[in-house]
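Student: Let chain A serve as the given structure and place chain B on it in line with the hints.
Chain by chain, the residues:
There are 2 protein chains.
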Amino acid sequence: MSKQKPSIPKGTRDFGPEEVSKRNYIINTIKSVYQLYGYQPLETPVMENLSTLLGKYGEEGDKLLFKVLNSGDFLKDTDDTLLQEKNSNKLLSSISEKGLRYDLTVPFARYVVMNQNELSFPFKRYQIQPVWRADKPQKGRYREFYQCDADVIGSNSLLLDAEMVMMIAEVFDKLQLNVTIRLNNRKILDGLNEYIGETEKNVALITAIDKLDKIGLSGVEAELVAREFDAAQIEKIKSILIFEGDVFEKINFLETIFTGEKGIKGISEIKGLFEKIKQVNNKNITINFDLTLARGLSYYTGTIYEVVANEVKIGSILGGGRYDDLTGIFGLPNMSGVGISFGLDRIYDVITELNRFPSSALINTQLLFIPFDADAEQFALKVAKQLRAVNICCEVYPDLNAKMGKKFKYADDKKIPYTAVIGSNELTEDKVSLKNMASGEQRLVDIQELITELTGEGGIGFLDVSE
Amino acid sequence: MSKQKPSIPKGTRDFGPEEVSKRNYIINTIKSVYQLYGYQPLETPVMENLSTLLGKYGEEGDKLLFKVLNSGDFLKDTDDTLLQEKNSNKLLSSISEKGLRYDLTVPFARYVVMNQNELSFPFKRYQIQPVWRADKPQKGRYREFYQCDADVIGSNSLLLDAEMVMMIAEVFDKLQLNVTIRLNNRKILDGLNEYIGETEKNVALITAIDKLDKIGLSGVEAELVAREFDAAQIEKIKSILIFEGDVFEKINFLETIFTGEKGIKGISEIKGLFEKIKQVNNKNITINFDLTLARGLSYYTGTIYEVVANEVKIGSILGGGRYDDLTGIFGLPNMSGVGISFGLDRIYDVITELNRFPSSALINTQLLFIPFDADAEQFALKVAKQLRAVNICCEVYPDLNAKMGKKFKYADDKKIPYTAVIGSNELTEDKVSLKNMASGEQRLVDIQELITELTGEGGIGFLDVSE
Chain A
1 MSKQKPSIPK
11 GTRDFGPEEV
21 SKRNYIINTI
31 KSVYQLYGYQ
41 PLETPVMENL
51 STLLGKYGEE
61 GDKLLFKVLN
71 SGDFLKDTDD
81 TLLQEKNSNK
91 LLSSISEKGL
101 RYDLTVPFAR
111 YVVMNQNELS
121 FPFKRYQIQP
131 VWRADKPQKG
141 RYREFYQCDA
151 DVIGSNSLLL
161 DAEMVMMIAE
171 VFDKLQLNVT
181 IRLNNRKILD
191 GLNEYIGETE
201 KNVALITAID
211 KLDKIGLSGV
221 EAELVAREFD
231 AAQIEKIKSI
241 LIFEGDVFEK
251 INFLETIFTG
261 EKGIKGISEI
271 KGLFEKIKQV
281 NNKNITINFD
291 LTLARGLSYY
301 TGTIYEVVAN
311 EVKIGSILGG
321 GRYDDLTGIF
331 GLPNMSGVGI
341 SFGLDRIYDV
351 ITELNRFPSS
361 ALINTQLLFI
371 PFDADAEQFA
381 LKVAKQLRAV
391 NICCEVYPDL
401 NAKMGKKFKY
411 ADDKKIPYTA
421 VIGSNELTED
431 KVSLKNMASG
441 EQRLVDIQEL
451 ITELTGEGGI
461 GFLDVSE
Chain B
468 MSKQKPSIPK
478 GTRDFGPEEV
488 SKRNYIINTI
498 KSVYQLYGYQ
508 PLETPVMENL
518 STLLGKYGEE
528 GDKLLFKVLN
538 SGDFLKDTDD
548 TLLQEKNSNK
558 LLSSISEKGL
568 RYDLTVPFAR
578 YVVMNQNELS
588 FPFKRYQIQP
598 VWRADKPQKG
608 RYREFYQCDA
618 DVIGSNSLLL
628 DAEMVMMIAE
638 VFDKLQLNVT
648 IRLNNRKILD
658 GLNEYIGETE
668 KNVALITAID
678 KLDKIGLSGV
688 EAELVAREFD
698 AAQIEKIKSI
708 LIFEGDVFEK
718 INFLETIFTG
728 EKGIKGISEI
738 KGLFEKIKQV
748 NNKNITINFD
758 LTLARGLSYY
768 TGTIYEVVAN
778 EVKIGSILGG
788 GRYDDLTGIF
798 GLPNMSGVGI
808 SFGLDRIYDV
818 ITELNRFPSS
828 ALINTQLLFI
838 PFDADAEQFA
848 LKVAKQLRAV
858 NICCEVYPDL
868 NAKMGKKFKY
878 ADDKKIPYTA
888 VIGSNELTED
898 KVSLKNMASG
908 EQRLVDIQEL
918 ITELTGEGGI
928 GFLDVSE
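Sequence order for the protein chains is A and B.
Residue 1 is where the first sequence starts when you use the numbering used here, and the numbers rise one by one after that.
Residue 468 is where the second sequence starts when you use the numbering used here, and the numbers rise one by one after that.
Errors might be hidden in some of the hints.
List time: in silico DSS-like cross-link candidates among lysine-lysine, alpha-carbon distance up to 27 Å [claimed, not checked]: (1) A/K407 to B/K745; (2) A/K10 to B/K557; (3) B/K557 to A/K63.
For the record, the hints were derived by calculation from the structure and aren't laboratory data.
Here chain A stands alone, though its shape is the one from the complex (with noise of 0.2 Å):
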């Protein structure tokens, strides 16, 4: 066991006690919201099986997943051909059979297959736990990340849309940002498709008026004529481009030139999505129909949700949508799902950098004891105890020969407000010399003034124990 200089593998990070305070306050804020709306926890293992993964992600999702080696002589049957042609692809399937989760949907579908003679439907659970992607790791993208996902599954029903919208709503609102949620239907882009009459270009479509927020409308049309759209197609494009109108405006307008099947039914939804949304009339909170929001080429087939923070240049910090079939693929069909997935490094990103994690965010402790002797430490302990008992976070410096400067920066290094040193006077009254530290006031107090300095009015609260 030689020495060695440790380090962690690339595009993964640990977090120090700040960073996790205030990833929980994130985490919390959304995970109490989902509760709210009747949102049940699921945790499911790291590791599935790769017959569960393969084949969920495309080809490209299948080379991102992290595989895990097989126990024991893993190559003792493997092919000998395969090892002499070093086929890394066709020997993988033989020596190993798990991967990492990549993702909290695929888990999510597998368990309601397994379970779905035991669960009520529609069921309505969140998760929110870490995934793995073999990515090349760069700003702001990491091979292990967390999902804060909610979703339902067994109900096309359109309230369960509206919802997420409102939970949506309400996490940012509690979070304090300022953010803009984009809505729009997948069968909107279809009936965009039908409307200019062209069935087979549905991508082409879709990307080109994805990039209309960076390139523009001349560049989309530029980029529409490359993609060998024709003029009549193009001015059909760019007439609902340039419109220009409320949600409701906006709807009517599509109503009056869309006349396909799948539009028809899109407006019908987005118009219902809006109406069961009237309500959410949070102040920081804009909520915009936008015809040129995609999301990728995902499987959603319904709703399509986006959230921008309005206040920081970032990217979407949730993506969503409906889907029609999500557990097809394990052998139940017909299930029609919704969920939304918070982005949390992103979120945490945009709160660092307005500076809008509240001071109750960070859970510290509030009171160091600096006892002299072993008398004094006694004391401290017994202090310490009646403190903890009103979950008041302290502690006592354990190491009563050290000098009084190292004592003092422990406190000051873990920002700790307040010390109570013991001496032998303080021991005589029953009291503490209790210093605030920022003020460097000093005062003799006794323990019930040094209860009631740390949680009354102006002192520093004290630890909510249901976290």
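Tutor: Structure of chain B alone, referenced to chain A:
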């Protein structure tokens, strides 16, 4: 993508809503106590470099590590001969660089060494995360399980050893469990060897007396004979094992017979420890000085801890101890630390068997709105918003057209205690028909009465938002 019957890897588990809530009740209890003593949270990545993990858990441990296959063409640069020989052991290092966390102590040591210049010592951290071992799964033993650790490093003060006992007592007191905390010191075991004039058979001695509970004094005696301890040695050992008395009588007895350096140090440490924990007086917690406690043959060098439940036979539910050199392996020598680890799964089983999960441990929807039409649904959404604003978890049944029986069954299945039916009568009066699902009692109430019923005396409480 063929349809498949999904499953999860052997030895892993899904945790549904009720299990997550109950597990979190235990975890939050442990966490809150750790925080009250100034321990701060740390989270490390699930994957560690194999260079960090290998060689830290013995040869057997190395085998039990889950290894992660390198991404991409992992066979590309492997040695042809090793491949041909199917030499799994030697090939490993060229196809796998990462493994899954095996415990929380090694990642903690790695973190301390990597961040030694930023941390203030003594550094107190707690860490509650899953770990993985490729063990043979069996009842109560899983391949993925949580550890709930607290460690402090950078001081050899006995106060920190004592604090561990205080935290243990407080956690089990809060969990309403009747337990025995068994304490010993590795140096006492060394002293025993000094006392019988034996330096080679330390392990044999520990192994033999460790079985006292199971095989009795005569069994231990037979074992010692088999291990070739001589008659005089066995008499000396027996005199200690049969000694009856309270903690300080035991200590006094050892003081009269131990003369070796380690033994004397051990006595002084255990005496200091028991003096510092005199104030621990939780009524369901028994604290013993147990000379036969050895805690395996791991790295401990001072105090050792073990907890057993007094009401359920299940083995130890906590273990821990002091180690003199935790970070030496990573190049930071002479850092003494002490730590404990709660066994979440076994504690869960004990509480389940004793039926002592408090009802508040279960977070659940408290009210299901059942609207009859779109207008009633809008009204339900409005009322739901008001309830959620005062932290009452509630849901609106999403499918207007479902049969009434199905709607009430949803409430039953999900154990929702109240339903609120809203038809045209209720709508006219701005009220809901509130039904207590347990008693069947039903009455027309306005929103204020509804909130009072749900949160007031005899009500079912509300969500603690901080969780």
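Student: Taking the hints in turn, state whether each one holds.
Tutor: Tested hints:
{"no.": "1", "hint": "A/K407 to B/K745", "in the structure": "holds (25 Å)"}
{"no.": "2", "hint": "A/K10 to B/K557", "in the structure": "holds (24 Å)"}
{"no.": "3", "hint": "B/K557 to A/K63", "in the structure": "holds (25 Å)"}
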